[in-house]
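**Student:** Sequence:
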Amino acid sequence: MHVLVVDDDPALARAMKINLEARGYRVTTTPDAASALRAVTELDVDLVLLDLGLPDRDGLDVVVGVRGWSQVPIVVLSARHTTDDKVEALDAGADDYVTKPFEMHELLARIRAALRHSASEPTSPVVEVGELVVDLRRSTVTRAGEVVRLTPKEWALLEVLARRPGELVTQAELLAEVWGPGYERETHYLRVYLATLRRKLEREPAHPRHLLTEPGRGYRLALDPPRPEPGAG
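Heads up: the sequence shown begins at 1 in UniProt numbering, then just goes up one per residue.
Keep in mind that the hints are not guaranteed to be accurate.
The list that follows gives simulated cross-link-like pairs (lysine to any residue, SDA-like), each with its CA atoms no further than 25 Å apart [unchecked claim]:
no. : residue 1 : residue 2
1   : K86       : R110
2   : K100      : V75
3   : K86       : L108
4   : K200      : H188
5   : K153      : E202
Worth flagging that the hints you see were computed from the coordinates, not collected in a lab.
Hey, can you work out the whole structure from these sequences and the hints?
**Tutor:** Below, the structure is given as structure tokens:
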């Protein structure tokens, strides 16, 4: 079984890795939300151990992002002790919630329970939007069955949107994930690359149905074409 540990505390992540590997688990560790989402799409992960207090984004965003296409078990590990925090995490799609500090034998029991309750058939990380099929694991996109060639930056941008289908992704989030810290104000990059993506993926790039802009806020990969308002036309 392959466990992904998402925690920005290197000592705790290392301790969990040692303990889990000693019990036969294969373990990958990652310190932030962006790399966690990438790891879930690229690796055959059987379970995610997720801290909520991540440096780049709240861990709940990881839960929501993963649940957009996968039912991999997610066990939250957090120092947040309130009932509201637990309810919010479970409502977002987490399978269990363990408060820090915790005993390793309790965590192992929770891991075993989550794995028992997980679906027997893994969900393929494929997002279908109209005639577009975005395969996050294989890093490919097809339009009407034809493979569309994207540059690394174009794919990275599409990947971020596809991990959160239907959800608004802010300009700052896109720039930080695709170009890195310090690029949050370079919004012209997004305009240029989204225009290119639309030319490659939309039937009518000037009137996009899926790669939508919310001016001054961000972008979203719309699951369904926007419907006209009643009486419009």
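**Student:** If a hint holds in the structure, say so; if it does not, say that too.
**Tutor:** Against the structure, the hints come out as follows:
1. K86 to R110: holds, 15 Å
2. K100 to V75: holds, 12 Å
3. K86 to L108: holds, 19 Å
4. K200 to H188: holds, 19 Å
5. K153 to E202: holds, 18 Å
Checked against the numbered hints given earlier, the structure satisfies every one of them.
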